[in-house]
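Peer 1: Letter by letter, the chains look like this.
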Amino acid sequence: MTEELPPRATAQDFVRPFVITGGRTRAADSSLKMETMVQTVGKPRDDLGFEKARIVDCSYEPISVAEIAAELNVPLGVAMVLVGDLCDDGCLETTYSDPVEIELSALTRMIDRVRAL
Amino acid sequence: MSGPSEMTSVAPQSRKVTSVKLVVAGGFGVGKTTFVSAVSEIPPLTTEAAMTTESKDVDDTSLVNKKVTTTVAMDFGRITVDDSLVMYLFGTPGQERFAFMWDDLCDGALGAVVLADTRRLADSFVALDYFESRNTPFVVGVNHFSGSYHYPIPEVREALGVSDSIPVVDCDARNRESVKVGLVTLLQHVYEIRRAALAR
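Protein chains in written order, with the working numbering: chain U, 131 to 247; chain B, 44 to 243.
It is worth saying that the hints were derived from the structure and are not from the lab.
All figures in this text were calculated on a predicted structure; none of them were measured in a lab.
One thing to keep in mind: the hints can contain errors.
As a list, the in silico DSBU-like pairs of lysine-lysine whose alpha-carbon atoms are at most 35 Å apart [what the hints assert, rightly or not]:
{"id": "1", "chain 1": "B", "residue 1": "Lys223", "chain 2": "B", "residue 2": "Lys59"}
{"id": "2", "chain 1": "U", "residue 1": "Lys182", "chain 2": "B", "residue 2": "Lys59"}
{"id": "3", "chain 1": "U", "residue 1": "Lys173", "chain 2": "B", "residue 2": "Lys59"}
The task is simple: from the sequences and hints, build the whole structure.
Peer 2: Here's what the structure looks like:
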C-alpha cells in the first residue's frame, strides 16, 4: 500500500524540488498530462542539462510523463515542466488523445487484452 | 490525424502511441495498489506530486496567508494493449484529505474502479460522490477480505446507494482473475456508454 510505505530519504528531502525547473511549477504547454506519451525525436544534443538529458535518454521508446517522473525520481510537476521545455525545443514529441475520441474498436482491443492477461 | 503525406516526414522510428488513463479509487487500505499490481506488466511505479494548499488551521492572529506543501504519492501500473495503445492504471491517494488533487488525477480519465470494503463501506462514499458528480464512468468492485462476511451484491448496492445502471461486482484485489473481471466490467461499461452516445 502506498500509504504504508516507510518514508524514504531522497534528494527531495534536502533540495526543494522545483530548483531543477528554475522555480517554475507550470509547464509552458498546459495540455501535458501525467499519461501523455512522449518520444525523443531529432538529433542528439549535448547542450541539455543533466535531468533533461536523462529524459531524452529514457524516451527513445514512447513513455508517459508519469513514468519519466518515476524514472527520474522527481515530482510529477517537475517532470511536466522539463518535458514541456523539451517539447518546445523539438527534442520530444507528444501524443495525447482525449478519452472522448477513443473509438469503440480501441475499447474492444483493451477488453481483449485484459482478458488475455 | 496524419495523412499519408505527413507520415513520410516523421522520423522512421517515431510511432504514435495513444495512452488511456484508468483510475482505481476507494478508501484507505482498501487494496488499490494491490489491484494495480495484480494486472500491471511492470511493478507499480510511484510518483510524487508536490501540492501546495491553503493551511486549514490558519493562525487567526497572523495576517500572512499560510500555505503548506504536501507531497502525495500515487502508484500506477501499465498494460500495453498493442504497438499503438497503452493503458495506465492510477491509484488515488487514499486519504480523504488528498481529495483536492483528484481533479488532476481524474481529468481525462476514461473511467474508474471504486473499490469498496464491506467492513467500512462509508470509506468509498467520497469516491462514489466524486465520480458521480463528474460524470466519469465507474464501476464498484467489492473487495472481500478473509474473515469478512460475504454480503450479497444487491445488499451492497443498496447500502452504497448507487443506481442500477452502475455495475457492482465482487473483486478480490489479491486475485488476478478477479481484478481482470473488475477491469473488463469497467471497460464494457465505458463501451456501452459510448455506444449509446453514438447511437443518439
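Peer 1: So, for every hint listed, does it hold in this structure?
Peer 2: To see whether the hints hold, each was checked on the structure:
{"no.": "1", "hint": "B:Lys223 - B:Lys59", "verdict": "holds (27 Å)"}
{"no.": "2", "hint": "U:Lys182 - B:Lys59", "verdict": "holds (22 Å)"}
{"no.": "3", "hint": "U:Lys173 - B:Lys59", "verdict": "holds (19 Å)"}
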